[in-house]
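Guided by the hints, dock chains B and C onto chain A, whose structure is given.
Protein chains in written order, with my numbering: chain A, 180 to 567; chain B, 83 to 519; chain C, 5 to 439.
Honestly, the hints are just simulated from the structure, not real lab data. If you're wondering where the values come from, they're calculated on a predicted model, not measured in any experiment. There's no promise every hint is true.
Taking lysine-lysine pairs in the DSSO-like style, the calculated list, with each CA pair at most 27 Å apart, reads [said to hold, decoys possible]: (1) 433(A) to 436(B); (2) 526(A) to 110(C); (3) 25(C) to 80(C); (4) 433(A) to 562(A); (5) 118(C) to 25(C); (6) 433(A) to 412(B); (7) 348(B) to 429(C); (8) 416(C) to 328(B); (9) 430(C) to 328(B); (10) 219(C) to 395(C); (11) 416(C) to 429(C); (12) 177(C) to 466(A); (13) 275(B) to 213(B); (14) 348(B) to 25(C); (15) 177(C) to 482(A); (16) 219(C) to 299(C); (17) 395(C) to 328(B); (18) 299(C) to 328(B); (19) 486(A) to 416(C); (20) 395(C) to 297(A); (21) 486(A) to 500(A); (22) 177(C) to 486(A); (23) 328(B) to 429(C); (24) 80(C) to 348(B).
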Amino acid sequence: MALEAIVERCRNLCDDLSFDCVKQWKSAGTSRKAIGHMPVYVPRELIHAAGMLPVGILGGGDQLDVIHGDAYYQSYICRIPRSTIELAVTGRLDELDGMLFPSTCDVIRNLSGMWQLKFPDKLVRYFDVPQDFDLDVGGVFYRRELQLLRDQLAELGGREISDDDLRVSIALYNENRCAIRELYAYRSAEPWQVPTPEVYLLMRAGMVLPVDEHTRLIHDYIAAVRAVERPVRDNCRVVVTGLFCEQPPLGLLKSIEMAGCYVVDDDFMLVARWLLDDVPTEGDPLKNLSDAFITYSVETSCKYVPKREAKGKFLIESVRKNHAEGVIFASPSFCDPALLDRPMLQKALTAQGIPYTAFKFAENTGQLQPIREQAGTFADSIKLWSAA
Amino acid sequence: MKTFIGIDLGSTTTKAIVLDSDASVLGRGITNSRSNYGIAADVAKQEAFLDARFFLFGKLLQDLPTLDGYLDEFLSRFEQDFRLEQYLDQLAELERACLDSATDDRLAKDGAETRALLADVFRQLDHEAPKLYAQGSSRKSDFFRDIAGSQYSRAAESVTQDSRISFEAMLNIYDRSIIEVENHISNSADEAKFLSALDRTCKQSPRFAGLLDELRQLVRRVLAYELEESYVVGTGYGRATLPFSKEHIRSEILCHGLGAHIMHPKTSTVLDIGGQDTKAIQVDSDGIVESFQMNDRCAAGCGRYLGYIADEMNLGLHELGPMAMQATRKVRINSTCTVFAGAELRDRLSMGEKREDIVSGLHRAIILRAMSILSRSGGIRDQFTFTGGVAKNEAAVAVLKELATENYGELTMNVNPDSIYTGALGAATFAQRAVVH
Amino acid sequence: MNTAVTNSAEVQKEDSMLLQKAMISANYDALSTAHEEGRKISSTFVPGNLNELLMCFDLVRNLPEINALQAGMRKKSGGYIMEAERSGHSEDVCTYVKSDLGMMAKGQVGPNGKPLPTPDVLLLSYTGCFTFMKWFELVRDEYDCETAMLHVPYQADGEITDNMRDFVVMQLKEHVIPTLERVSGVKFDIDRLREYLRESAKAEENLVWVLQSAKNRPSPIDAYFGGVYYCGPIFTAFRGSKQTTEYYEALRTEVEERLEQGLGPVTPEGVLDEERIRLVVEGPPNWTHFRDFWKMFYDEGVVVVASSYTKVGGVYDFGFRHDPDHPLESLADYCLGCYTNHSLPSRVNMLCNYMDEYEADGFLVNSIKSCNSFSAGQLLMLREIEERTGKPAGFIETDLVDPRYFSPANVKNRLESYFQMIEQKKAHGDAKTAA
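Chain A with its partners taken away, still in its complex shape (with noise of 0.2 Å):
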């Protein structure tokens, strides 16, 4: 498939607030069930072994007027939590046949008891992950949280979810996460070959393609992409953060790159990459599952970290591996998780001599003027360092 082929698809996919293909898939087979989660982190895996689709909602982006949204909430929230009920309320997300909630914030938090209120019929079910890590505390509440998951999907779905089904299940998110892992260090190696959008718009594409026909997409993009020369540009390299949740506007990752970064590493679609390696297929799945989101999940703001000393560690190692000059904080406004974090990871970045530029932003932000300036001076000020 030719690369505009590839990046039309997945920029169709991405504008698709109807969910079109999500009901495609649905009406391709007999009684199939589609969840729902918001961003962050929720165990696919178990989903799928269930033979539901899990669909990605990022909420609305910058092409959906709010008017329903705004009337659950106050002016000091965030934009994402409103824009996810308008999409409710307008009927476009009726194919969902439930809806997870992480334990992203308080507000999505409450958002999730604001959807049972609204849609009793649904199943909805906050994903709450522990934020103690030892195996034997966190680890054994984490089992019987995956495993009251398990049953409430068996129960929607009818049917038991084998341990063999997660196996399969594990092993084609392993898949998925081994091509993405392959993409993300294609554009650590050769940015000016993986343009930061293009990947954006892919792992969007993730979020509602069934998990095998994602891989192969990604693969064929990989392919695609190998088989053209792209012009290199004098841009350093950045990585990005705080997009884990609230989305931005594809014309800010583009206005980021305009201006002069690279981006070589970031976080959006967290979901995707959480676990940082593969999941065991041989032995008890569900343990394997719980035992790597103890013992191996990427750092976030979402999460506690719990030694001092380890605080941004995982972020000035994705700057250390991925040979980054500087980290852009794009956070979100009103973002809790994102706000708080901050000053520590600044400060992290300081003490190894890493430089860092901060904004905020909305799903909807049109002033992308700014944002260009901003990343512009941050960009000519490494050059200049580096230079000197």
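Just chains B and C now, with coordinates in the frame of chain A:
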């Protein structure tokens, strides 16, 4: 007769309404708000009583066969002439105040010359006055401060051109004197003024000249009516400072809700976009408020937003609506913050977008904010009444209608040209109900 | 909450208030001198505060939320917040956190005018509020002190499951208690804990009686502004002590007397003698303008008969008592049951119950900009409760301790409109039934 008064002290204007015992409107008055709320309230009230006198006079004239077919023309002429008399009176007061202010001990050697220039200025103003109130004339404002201010300014500029007295000095004298004049509360039953106005009207039109004596008698009759102020209710921002006890004060939410109900009895939802705040009110079938939401911390979504835009574009507020109606493309303005609206405007202009399209987009943005507040208050229910200064903006009305029907279905939207009086009407109704029930 | 009201003699006070003031004062003094006396200091949060457990280790208890609240009432928090914002903390985040960080930056001076020492251990009771997690990460970053995480899972489906309880108990056994032992040098004695829990239960019994006295007409208490004082000891550094038991006995006696005499609540402006409107209020109060805010209610004869804020540090009026026979499980249930750890549907049910049981005329939400845990979803709760109870609902917006977010004119305007709305509805309703 018993009358019931409602006074709404807004941030820009103060309004008053006078009702009779049957809750019918006798008169409406409006003046610019000022720092002394008590005086603003009194001025508005007197204006309303003046309006009431004209109304009663008009009723008397309805039975007069000689004015058949010309009643409206006569009344409109008469009222204009009355306003002219009023204006001339106020000009005379202003002249006296200015001359007093241009005393020798203040201006030393410039005193005499300044007073001479002032005499020139006021001669000019007196001369120009009838034109302002002539048939078919349009004034930017009906408030003395606005009219006299711009007239004086122009005249002062021309007289000081070849003088050693500076334009600024003349302006200072004006500034010192205007408040005193503005705060002078005229008597609404001033017979002399009515009669001179009547003379003027009849003199200018042969058709009416022969009726002068008869009309004089009728005017005297109307002025002799006792309009008893049986109960007053105050509302609006300045209400807490009114010299009224608590029973005579009502929140503007309640007054607005009730006022909208009186104007349009089938009203269920009221949206008021004022200068400083936006209110969404749900009322029941009796005009009693069921729920409300306000946007009072943020200018986005208030009239002020449009004010900033007008300033940015160097336009008059009243020019924004017509410009927006000329839009051909849909432009999405995402900045909900007033502070950034200007920046986004400039950005888009520099990208080559048309002014009309951008202004239309900005209207949409302000109405979207109002939609948020409406949805928080319980949505838009049939019938939907839109009040406040922004309701005069045709582009705002068009976008609101579109969004309302899109999101809440077909409904009747009421936009009343008298909607600025909604709060005062509600207050007056409360006053009437306090006594009559 | 623990508020040492240092106003002039015109302010009305009861004996229980003076008792509380002495307890708070003594605690701040104990904090100031703790290290000199060889004692260790713990910091924890109000929701999920395991005071009885901390007392087992002879720790002197510090509550940063209370320090922030005190700073608010003493008009110091504004300066602290600006200090924190200057050093890079966002305008958008919780003002309790910024007040605390700002206070730390400016010498950590307590309400008693003396510097508060660095805590030795942070008991990060992650209960009902995400911000708590980051707050103590920030404090830990500043002080480099021991931190014990206690993750209290969210009651998302309106109930406490065995898994949730087991998880909390396991954390206590495996992590929290060993850390506290290590830091304090005191061995854990479960019987000592039982004793403290026994005392707690006694105090809780009397607290609930006091809160439920508001069911009477007229109500002898104000369950929001006044309620803040009533919950003080039990929500903070004192639950489980004999002093607290005495406090609640004294408080109950006082309220019993008021009830007998048919008296309304004591307020800083005087006794409210004409109860005109009864309200249920959701959300924390504002601290920077606490007295002015209360006066807006007092002036209109409005009494709050029940509030959710008085349950933020523990819900006791639906039957829960600390249980000495199952100490660790009891601690877990206590944490899990704090108000902000309840699901939204649960909260709606609780508030509707209050509307009914306490015969309220209306429901008011004070929406706090800082606190997403309380605030996100309040607009839906508002409509839901209005629909279910048929009573009018009101909505105002303020903040905890940032004075820039309390606009007295706007708040007064909205409140007056709301109160008048209620009266109109009542009058009209009566007219309709009469007709």
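Right, here's what the structure says about each hint:
Of the pairs offered as hints, the one joining residue 433(A) and residue 436(B) holds, with about 25 Å between alpha carbons and a cut-off of 27 Å not exceeded. Under the criterion of a C-alpha separation no larger than 27 Å, the hint pairing residue 526(A) with residue 110(C) is consistent with the structure, at around 19 Å. Note on residue 25(C) and residue 80(C): the hinted pairing holds, with a Cα-Cα distance of about 19 Å set against a maximum of 27 Å. For the given pair, residue 433(A) sits about 20 Å from residue 562(A) by alpha-carbon distance, which is consistent with the 27 Å threshold.
Note on residue 118(C) and residue 25(C): the hinted pairing holds, with a Cα-Cα distance of about 17 Å set against a maximum of 27 Å. For the proposed pair residue 433(A) and residue 412(B), the alpha carbon gap of about 23 Å is at most 27 Å, so the pair holds. For the given pair, residue 348(B) sits about 19 Å from residue 429(C) by alpha-carbon distance, which is consistent with the 27 Å threshold. Simply put, residue 416(C) and residue 328(B) have alpha-carbon atoms about 14 Å apart, close enough for the 27 Å limit, and the pair holds.
A C-alpha spacing of about 18 Å is found between residue 430(C) and residue 328(B), which places the hinted pair at or below 27 Å, so the restraint holds. Among the hinted pairs, residue 219(C) with residue 395(C) is consistent with the structure: their alpha-carbon atoms are about 17 Å apart, no more than 27 Å. Using a Cα cut-off of 27 Å, the hinted pair residue 416(C) and residue 429(C) holds, with the two alpha carbons roughly 20 Å apart. For a cut-off of 27 Å, the pair hint linking residue 177(C) to residue 466(A) stands: about 23 Å separates their Cα positions.
For the hint pairing residue 275(B) with residue 213(B), the CA-to-CA distance comes to about 19 Å; that is within 27 Å, so the pair holds. Using a Cα cut-off of 27 Å, the hinted pair residue 348(B) and residue 25(C) is violated, with the two alpha carbons roughly 57 Å apart. Distance restraint check for residue 177(C) and residue 482(A): the Cα-Cα separation of roughly 22 Å lies within the 27 Å cut-off, and the hinted pair is therefore satisfied. Simply put, residue 219(C) and residue 299(C) have alpha-carbon atoms about 22 Å apart, close enough for the 27 Å limit, and the pair holds.
Note on residue 395(C) and residue 328(B): the hinted pairing holds, with a Cα-Cα distance of about 25 Å set against a maximum of 27 Å. At most 27 Å may separate the alpha-carbon atoms for a hinted pair to count; residue 299(C) and residue 328(B) meet this at roughly 16 Å. Simply put, residue 486(A) and residue 416(C) have alpha-carbon atoms about 47 Å apart, too far for the 27 Å limit, and the pair is violated. A hinted pair counts as satisfied when its Cα atoms are at most 27 Å apart, and residue 395(C) with residue 297(A) qualifies at roughly 21 Å.
Our distance criterion of 27 Å between C-alpha atoms is met by residue 486(A) and residue 500(A), whose separation comes to about 22 Å. For the suggested pair residue 177(C) and residue 486(A), the alpha carbons sit about 20 Å apart, so the restraint of at most 27 Å is met. A distance of roughly 18 Å separates the Cα atoms of residue 328(B) and residue 429(C); the hinted pair therefore holds under the 27 Å criterion. This hinted pair does not check out: residue 80(C) and residue 348(B) have alpha carbons roughly 51 Å apart, beyond 27 Å.
Violated hints for the displayed structure, listed by number in ascending order: 14, 19, 24.
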